[in-house]
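Chains A and B, in that order, give the protein sequences.
The letter at position 127 of the first sequence is residue 127 when you use full-length UniProt numbering, and the numbering goes up by one with no holes.
The letter at position 121 of the second sequence is residue 121 when you use full-length UniProt numbering, and the numbering goes up by one with no holes.
Each hint should be verified, as a subset may be incorrect.
[What the hints assert, rightly or not] Once the Cα atoms are required to be at most 16 Å apart in a straight line, the calculated EDC-like pairs of lysine to aspartate or glutamate come out as:
id	chain 1	residue 1	chain 2	residue 2
1	B	K104	B	E81
2	B	K327	B	D300
3	B	K327	A	E288
4	B	K340	B	E195
5	A	K147	A	E117
6	B	K327	B	D203
7	B	K104	A	E117
8	B	K340	B	D254
9	B	K327	A	D289
Source of the hints: derived by calculation from the structure; they are not laboratory data.
The residues making up each chain are set out below.
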Amino acid sequence: MLPRHHGNGYLGAREKEKTLYSISPHKFQPRSTPSSLRRRRQLFFRLGIGLAGILFLWFVWPGASLFSIFSIGFLSSGEDFQLETVRYYDLSNVQGSPRGWEREERILLCAPLRDAEPHLPMFFSHLHNFTYPHHLIDLAFLVSDSKDQTLELLSKLSEELQAHEDPNMPFGEISIIEKDFGQKVNQDVESRHGFAAQASRRKLMAQARNWLLSAALRPYHSWVYWRDVDVETAPFTILEDLMRHNKDVIVPNVWRPLPDWLGGEQPYDLNSWQESETALALADTLDEDAVIVEGYAEYATWRPHLAYLRDPYGDPDMEMDIDGVGGVSILAKAKVFRAGVHFPAFSFQKHAETEGFGKMAKRLDFSVVGLPHYTIWHLYEPSVDDIRHMEEMEQERQAREKEELERVERAKKIKDQFADPNPQWEKDKADIQNQAMKEKKGKEQGQTALAEDEEPVAKPVVKGSSEGKTGAKVEAKAAKAKAQ
Amino acid sequence: MLSPSHSDSAASRLRRVNAASNPLSPPTSPFRKQNERTANGKRIPPPVVHYYMNNLTSTRDPVAHRETVLILTPLARFYQEYWDNLLALSYPHELITVGFIIPKNREGNAATAALQEQITKTQKYGPEKNRFASIIIERQDFDPPLASQTEAERHKMENQKVRRAAMAKARNSLLFTTLGPAISWVLWLDSDIVETPPTLIQDLASHEKPIIVANCFQRFTDPKTKLPAERPYDFNSWQDSEKAQELAAAMQPDEILLEGYHEMATYRVLMAHMAEVNGDPKFEIPLDGVGGTALLVKADVHRDGAMFPPFAFYHLIETEGFAKMAKRLGWAATGLPNYKVYHYNE
Numbered sequence: 001m002l003p004r005h006h007g008n009g010y011l012g013a014r015e016k017e018k019t020l021y022s023i024s025p026h027k028f029q030p031r032s033t034p035s036s037l038r039r040r041r042q043l044f045f046r047l048g049i050g051l052a053g054i055l056f057l058w059f060v061w062p063g064a065s066l067f068s069i070f071s072i073g074f075l076s077s078g079e080d081f082q083l084e085t086v087r088y089y090d091l092s093n094v095q096g097s098p099r100g101w102e103r104e105e106r107i108l109l110c111a112p113l114r115d116a117e118p119h120l121p122m123f124f125s126h127l128h129n130f131t132y133p134h135h136l137i138d139l140a141f142l143v144s145d146s147k148d149q150t151l152e153l154l155s156k157l158s159e160e161l162q163a164h165e166d167p168n169m170p171f172g173e174i175s176i177i178e179k180d181f182g183q184k185v186n187q188d189v190e191s192r193h194g195f196a197a198q199a200s201r202r203k204l205m206a207q208a209r210n211w212l213l214s215a216a217l218r219p220y221h222s223w224v225y226w227r228d229v230d231v232e233t234a235p236f237t238i239l240e241d242l243m244r245h246n247k248d249v250i251v252p253n254v255w256r257p258l259p260d261w262l263g264g265e266q267p268y269d270l271n272s273w274q275e276s277e278t279a280l281a282l283a284d285t286l287d288e289d290a291v292i293v294e295g296y297a298e299y300a301t302w303r304p305h306l307a308y309l310r311d312p313y314g315d316p317d318m319e320m321d322i323d324g325v326g327g328v329s330i331l332a333k334a335k336v337f338r339a340g341v342h343f344p345a346f347s348f349q350k351h352a353e354t355e356g357f358g359k360m361a362k363r364l365d366f367s368v369v370g371l372p373h374y375t376i377w378h379l380y381e382p383s384v385d386d387i388r389h390m391e392e393m394e395q396e397r398q399a400r401e402k403e404e405l406e407r408v409e410r411a412k413k414i415k416d417q418f419a420d421p422n423p424q425w426e427k428d429k430a431d432i433q434n435q436a437m438k439e440k441k442g443k444e445q446g447q448t449a450l451a452e453d454e455e456p457v458a459k460p461v462v463k464g465s466s467e468g469k470t471g472a473k474v475e476a477k478a479a480k481a482k483a484q
Numbered sequence: 001m002l003s004p005s006h007s008d009s010a011a012s013r014l015r016r017v018n019a020a021s022n023p024l025s026p027p028t029s030p031f032r033k034q035n036e037r038t039a040n041g042k043r044i045p046p047p048v049v050h051y052y053m054n055n056l057t058s059t060r061d062p063v064a065h066r067e068t069v070l071i072l073t074p075l076a077r078f079y080q081e082y083w084d085n086l087l088a089l090s091y092p093h094e095l096i097t098v099g100f101i102i103p104k105n106r107e108g109n110a111a112t113a114a115l116q117e118q119i120t121k122t123q124k125y126g127p128e129k130n131r132f133a134s135i136i137i138e139r140q141d142f143d144p145p146l147a148s149q150t151e152a153e154r155h156k157m158e159n160q161k162v163r164r165a166a167m168a169k170a171r172n173s174l175l176f177t178t179l180g181p182a183i184s185w186v187l188w189l190d191s192d193i194v195e196t197p198p199t200l201i202q203d204l205a206s207h208e209k210p211i212i213v214a215n216c217f218q219r220f221t222d223p224k225t226k227l228p229a230e231r232p233y234d235f236n237s238w239q240d241s242e243k244a245q246e247l248a249a250a251m252q253p254d255e256i257l258l259e260g261y262h263e264m265a266t267y268r269v270l271m272a273h274m275a276e277v278n279g280d281p282k283f284e285i286p287l288d289g290v291g292g293t294a295l296l297v298k299a300d301v302h303r304d305g306a307m308f309p310p311f312a313f314y315h316l317i318e319t320e321g322f323a324k325m326a327k328r329l330g331w332a333a334t335g336l337p338n339y340k341v342y343h344y345n346e
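Chain A extracted, bound-state conformation (with noise of 0.2 Å):
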């Protein structure tokens, strides 16, 4: 409301300033603003170019443009609290392209999780660091069965990240789905490895990467991205790497860190392999809901395995044509899970999970692909089998260490036999100088000589010394070794 009297002083500055810019009626005007009919010519000029662009847009999408969940924004401003219940997708725009960013493409990264609240925080740092603009993907999590407080960390890290103080930080929809199968076997290392529980066990897995997928894929998706919350280190441009390739299924290789005392570094997943005609004449033997599952003695497949054709220093883009994949970290194109492959919950050719999921990728003809030489690296959780195989693995070491000891003995002895004589001559030449400096004062020439050839007298001495305190070291250091 414009106040009508301008008894106020500050009023009247403000109104004075306006009238520099509007045009008033009781003030003469230069030319300085155009003819009404040329403004009017404008006006018309600019409708048209505004109808124009409207009929050019009903050209291109017709009709679809006032649905598309994109014109929301324009379309809505001031009608908040109005209910929108039709929604149109094409799907065509949601194929995946090698440089998603670009098409602002959206992901949706999907974590089924169990009795894995020790995990979380780590998880959510490697969401932070992810360099795929974070609105662009959107999270689903399955819990599932667990006993601990998963569920309310989650939340909680879930709520925290939304409401993160840096505008690029938030993700996109967060769903958090909680549905219990009743599973019986247990989660821990030991358990979730045995030969026995492994068809029953990857079956249950199967079918709740299923419901979670199922519920949440969307219309709008153009990749999924499956990632399990025991990732330790991986990079944090994974998302934009993997989708370079252009594949329709492609997985990193997945290895673990070792303590350096029992190796350093261990293949952790042995599910991405490539076919082999053993593991198909096995296959046939089977009976229809057998299940093969790889890395146990019962079936030996002689798949060539992703994670052991790992070379650090290999080229990181280069691809692998694989079967099976595993499911540490699966980047796949949505219209994969879109054309109904999925996890089978049951033996399909012999597979079940994520194994199976990649049988079934490549029955539909999609490319599948592994990068043997792009690392990422689980969390390391030693296992009752782990710590016998490290037991048996120590003793290798102690006996390779003793030996080694042995070694380094033998060639210190030799290596004294035939010793550098550089620091002697050194030590001698300021002995000398010492001496000759002594006997300045001394002022006699002839006991010089006498005093030079005493010196090599000195020398074991000194050297038997030095060296038992490097003996010494490496017992002290040894012992620490064992000491660990």
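Could you slot chain B onto chain A? The hints should help.
What follows is chain B alone, placed relative to chain A:
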């Protein structure tokens, strides 16, 4: 598009309570139009949403339990009779989401335009009780165009595998992008089904079967007697036979068994031929293959992974392969030979 009505009925209250705050929400829920940005141009992050799927039920009395139904229709041609029949369904419309997938070709554009016109009429101007909770339209390019061919061309045996593989992919695309976390039942209803009992959903659900299919017939005028008559139409619902098993065993991995062709006599027991005059519409039979014309599935069956194989799965494809895959997952299929729905007559 839809302004809140002043009549504060229970149904409209439910609509508003179920409305999501964000267009990223599951497509089965309506959503409130909102600016994604605040006044200062900052993006408002979408919310953290909890879904309690343990509470999801699919019972014999879905209306009483307020169970949500997703009706899915792959659409190649729009029939007004289909839409009218859909509107006539007596299941509470505020519990129904309808999803369509339409090919991106000229015919698909025409079908989309016709469909959108009807949708606007219903969702914007129609009586509140007719309005569905949510409607989803998806467009997709299908490798071999899912053009609606002439009936003769469509049924040629060699065309069948390609056509049904494309159809299976269309069904899967539609299903897995719309299912969401809140749906209890999925009703597959073909776009050329023009007549069903209005209580279709309640009737099929009352059997409380994971997968249940009605018998699909076609009305026609008998050319001899000039009288209206009906004939069986969908032959994909069947009980397996030993002969079919033998045929399958002799096949290459990529070959499929088809029903209704003289070149391939399977001797399966077809539900189409089991209808009795004045038979009990509640009479059930177990099935090994199902057709997709009017098929009610508990959403959990699809969530477990049962989909429509676009490849030869045990020498079966699409809806028939679906029944087999569901069986592998421990879900059995049931047929109602005397419960009829009617196919459009071209």
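These are the hints, each one checked on the structure:
For the given pair, K104 of chain B sits about 23 Å from E81 of chain B by alpha-carbon distance, which is inconsistent with the 16 Å threshold. For the given pair, K327 of chain B sits about 13 Å from D300 of chain B by alpha-carbon distance, which is consistent with the 16 Å threshold. Between K327 of chain B and E288 of chain A the alpha-carbon distance is near 13 Å, which keeps this suggested pair within the 16 Å criterion. Taking the CA atoms of K340 of chain B and E195 of chain B, the gap is about 9 Å. The hint holds against a cut of 16 Å.
The hinted pair formed by K147 of chain A and E117 of chain A meets the criterion: a straight-line CA distance of about 10 Å does not exceed 16 Å. Between K327 of chain B and D203 of chain B, the direct Cα distance comes to roughly 23 Å. Violation of the 16 Å bound is thereby established for this hinted pair. For the given pair, K104 of chain B sits about 46 Å from E117 of chain A by alpha-carbon distance, which is inconsistent with the 16 Å threshold. Simply put, K340 of chain B and D254 of chain B have alpha-carbon atoms about 33 Å apart, too far for the 16 Å limit, and the pair is violated.
In summary, the hint linking K327 of chain B to D289 of chain A is supported, as the alpha carbons are separated by about 12 Å, within the 16 Å threshold.
Taken one by one, the earlier hints fail for this structure at numbers 1, 6, 7 and 8, listed in ascending order.
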